[in-house]
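S.K.: Now for the letters of each chain:
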Amino acid sequence: MLGLNSKDTKFLLIVIFLTLATPILLQPFPEGSGMAQFNAGYPDLMQRFAIYGIFAIGFNILFGLTGYLSFGHAAFLGIGSYSVVWMYKLLDYNVIWGLPLAIITSGIFALAIGFISLRRSGIYFSILTLAFAQMSFALAYSVLTPLTNGETGLQVYRSDKQVLLGATEPTSPHFFGIVMRENFWEPSVGNWQFTFNNGYYFCAIIAILAFYLSLRIFRSPFGMMLRAIKSNQQRMNYTGLNSRPYTLAAFVISGMYAGLAGGLLASMDPLAGAERMQWTASGEVVLMTILGGAGTLLGPVLGAGFIKYFENIFSKINDNVLHTWFGFLPDGIEDFMVTIVHPFVGKGWHLTLGLLFMAVVIFLPGGLVELGQRVGRLFRRRDINSADAEAKAAKQRANTPAE
Amino acid sequence: MGILEVKGVNKRFGGLQALGNVNLSVTENTVHAIIGPNGAGKSTLLNCLVGKLIPDTGSVMFDGQSVLGRKPHEINQMGISRVFQTPEIFGDLTVMENVMIPCFAKRDGSFRLHAFESVPNEKELVEKAEQILIDVNMIDQRNQHAASMSRGDKRRLEMAMCLVQEPRLLLLDEPTAGMARADTNNTIDLLKEIKAKRDITMAIIEHDMHVVFSLAERITVLAQGTPLVEDTPENIKGHPKVQEAYLGQAHG
Ligand SMILES: Nc1ncnc2c1ncn2[C@@H]1O[C@H](COP(=O)(O)OP(=O)(O)O)[C@@H](O)[C@H]1O
Ligand SMILES: [Mg+2]
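As they're listed, the protein sequences go chains A and B.
Using this note's numbering, read the first sequence as starting at 1 and increasing by one per residue.
Using this note's numbering, read the second sequence as starting at 404 and increasing by one per residue.
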């Protein structure tokens with residue numbers, strides 16, 4: 001189906017199901033319970049999961065397949081956001097104008113930056129992309145203020161033309177009248193509260209398309225060539241293939257994914273700031289991809305979800321919350337426990353994430369996907385041990401005389 | 404005029420004269436062996452043919468066109484494929500993928516953005532790749548990771564990758580080094596078979612005299628970067644200069 005074999009079709013269907021069911025799956029704890037703060041099923045965070053998932057899926061096409069590690073992809077994220085906000089200012093709040101523009105402009109920038117950066121490989125390539133991104137950041141922050149509104153960030157003002165804005169049109173981002181920040185369904189089941197948000201589903205559908213596209217690229221001859229570049233560029237060249245246009249195409253595609261993600265960020269919240277282009281944002285997508293599993297299809301999405309979850313959930317755990325957790329302990333021990341845990345939560349979530357990242361890189365070079373595979377194999381082995389032991393023994397008996 | 408004409412090629416590495424005034428003419432549809440002791444400059448000569456090195460002086464013509472100044476992928480697209488002295492394969496890819504890539508390169512040229520086709524759907528190329536894997540006796544390993552194979556298997560795989568491109572000139576740098584005797588004989592048979600089936604020119608560097616005398620129609624002896632003699636295998640066998648410079652050493 002859709003140009004995929006049956007295994008990939010099944011895989012895609014599972015991903016679609018998980019994406020569409022996210023508002024339910026991420027809300028496992030009832031409201032009012034102590035665990036409710038670990039729920040992630042609120043619109044703002046779910047939108048981020050989908051958007052950074054797209055960012056990481058695209059980054060993985062470059063880094064996961066070709067091995068070229070870009071440290072400047074946040075530049076395209078920013079370019080995408082600025083494109084969308086400019087369309088709000090000039091035309092109206094319908095995201096239909098801005099998103100295609102975000103993809104096109106980021107693609108053009110990626111073509112230029114990639115053309116120069118890809119003259120080098122390895123660390124030199126990484127440094128070149130980093131330099132370009134920091135230049136973009138500096139330009140957006142100060143020099144290009146008329147275009148970017150400098151450190152305030154680009155936003156829509158009353159004085160803006162918005163030539164297409166109709167009298168009854170929503171005055172916040174929407175898709176043909178479907179307002180992003182509105183929820184279309186807020187059911188509660190017992191103490192459980194679910195939120196079905198327009199913006200999330202808009203991002204989710206685009207994320208599914210983005211994932212499908214990446215799946216097709218992974219299975220295509222083009223994807224195979226990209227893996228060949230990572231494996232042995234010399235053999236590639238002596239086999240009659242010019243590796244440069246292949247890496248450039250991968251760079252542009254991943255840049256367009258980043259532009260789309262940036263555009264979606266501005267589609268959820270009509271703002272674009274220069275800090276979106278900073279090197280920390282470029283580093284974040286590298287972490288997401290490696291944490292989840294570079295070169296795997298699902299890994300980058302998992303990594304993106306993991307990091308955004310940490311950023312939004314762990315960062316909210318303050319000392320008050322810790323005191324209620326450890327409240328059952330005697331006072332002295334309670335304070336001691338709070339002191340110990342304190343650096344790892346709240347503002348210290350970076351520390352926890354850093355430790356987690358180190359553990360993954362050292363013990364699970366294949367990322368979270370490898371963890372999943374190992375666990376899966378463990379279960380399968382246990383299955384074999386119990387149920388298939390008999391069958392195996394029978395097989396062995398059958399084989400012995402032949403040997 | 405041979406299909407490959409090397410004239411007055413010199414190459415220095417610092418103070419070392421790796422190639423000194425090399426002239427070589429390889430006739431179309433022959434197997435031409437280049438022999439000589441280690442460090443004679445044999446691999447350096449091949450490097451100058453495929454665009455890995457640029458000679459300091461001299462000319463290299465393939466089928467009437469100069470290869471000098473062209474990029475490796477352009478030279479391959481002209482019809483020259485090379486098997487390296489240390490196997491160069493795609494270690495992270497499967498055996499089948501390793502052979503599919505040269506098939507695509509041959510059909511689609513040096514670049515094509517085929518991002519929406521699926522590899523298994525390219526029936527013609529799959530068939531071609533499977534056939535060459537049958538020829539080199541590796542069809543059972545088609546789904547194996549190339550990096551996990553033995554050195555001899557890697558060499559046979561690399562040879563399959565070159566042969567599947569149906570090159571006009573095949574360059575082989577010690578193709579049987581590190582192979583078991585049986586595999587060496589299979590390789591000889593395979594090359595003979597290919598040669599009988601279609602037009603192909605081969606330049607082969609080899610230390611194993613059994614291989615050289617089974618395949619070669621002309622032999623050039625290279626010593627210290629300069630061709631010593633060029634002749635038929637029969638004459639080379641008895642040549643006193645060769646005995647002294649190379650064969651004596653190899654047998655002794
Ligand atoms: N890239 C290089 N840089 C410096 N010296 C080299 C290089 N390649 C080969 N040489 C030297 O050139 C000489 C010829 O090497 P090579 O062509 O590999 O010999 P052969 O293949 O006949 O054994 C050797 O002395 C070798 O050390
Ligand atoms: Mg050599």
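Everything labelled a hint here was simulated from the structure, so no lab data went into it.
Just to be clear, a hint being listed does not mean it is correct.
[Stated by the list, open to error] Derived DSSO-like pairs (lysine-lysine); straight-line CA-CA distance at most 27 Å:
#	chain 1	residue 1	chain 2	residue 2
1	B	K509	A	K230
2	A	K10	B	K526
3	A	K7	B	K531
4	B	K474	B	K644
5	B	K600	A	K7
6	B	K509	B	K644
7	B	K600	B	K509
8	B	K640	A	K230
9	B	K595	B	K640
10	B	K455	B	K410
11	B	K598	B	K640
12	B	K595	A	K230
13	A	K316	A	K347
14	B	K455	B	K526
15	B	K600	B	K526
16	A	K89	A	K10
17	B	K474	B	K455
18	B	K474	B	K526
19	B	K531	B	K600
20	A	K230	B	K474
21	B	K509	B	K640
22	B	K410	B	K600
23	B	K509	B	K455
24	B	K531	A	K230
S.K.: Does each hint hold? Answer for all of them.
M.R.: Evaluation of the provided hints:
no.: 1; hint: B:K509 x A:K230; in the structure: holds (21 Å)
no.: 2; hint: A:K10 x B:K526; in the structure: holds (24 Å)
no.: 3; hint: A:K7 x B:K531; in the structure: holds (25 Å)
no.: 4; hint: B:K474 x B:K644; in the structure: violated (38 Å)
no.: 5; hint: B:K600 x A:K7; in the structure: violated (40 Å)
no.: 6; hint: B:K509 x B:K644; in the structure: violated (43 Å)
no.: 7; hint: B:K600 x B:K509; in the structure: holds (19 Å)
no.: 8; hint: B:K640 x A:K230; in the structure: violated (46 Å)
no.: 9; hint: B:K595 x B:K640; in the structure: holds (21 Å)
no.: 10; hint: B:K455 x B:K410; in the structure: holds (18 Å)
no.: 11; hint: B:K598 x B:K640; in the structure: holds (23 Å)
no.: 12; hint: B:K595 x A:K230; in the structure: violated (34 Å)
no.: 13; hint: A:K316 x A:K347; in the structure: holds (8 Å)
no.: 14; hint: B:K455 x B:K526; in the structure: violated (34 Å)
no.: 15; hint: B:K600 x B:K526; in the structure: holds (23 Å)
no.: 16; hint: A:K89 x A:K10; in the structure: violated (43 Å)
no.: 17; hint: B:K474 x B:K455; in the structure: holds (8 Å)
no.: 18; hint: B:K474 x B:K526; in the structure: violated (30 Å)
no.: 19; hint: B:K531 x B:K600; in the structure: holds (15 Å)
no.: 20; hint: A:K230 x B:K474; in the structure: holds (20 Å)
no.: 21; hint: B:K509 x B:K640; in the structure: violated (39 Å)
no.: 22; hint: B:K410 x B:K600; in the structure: violated (31 Å)
no.: 23; hint: B:K509 x B:K455; in the structure: holds (20 Å)
no.: 24; hint: B:K531 x A:K230; in the structure: holds (25 Å)
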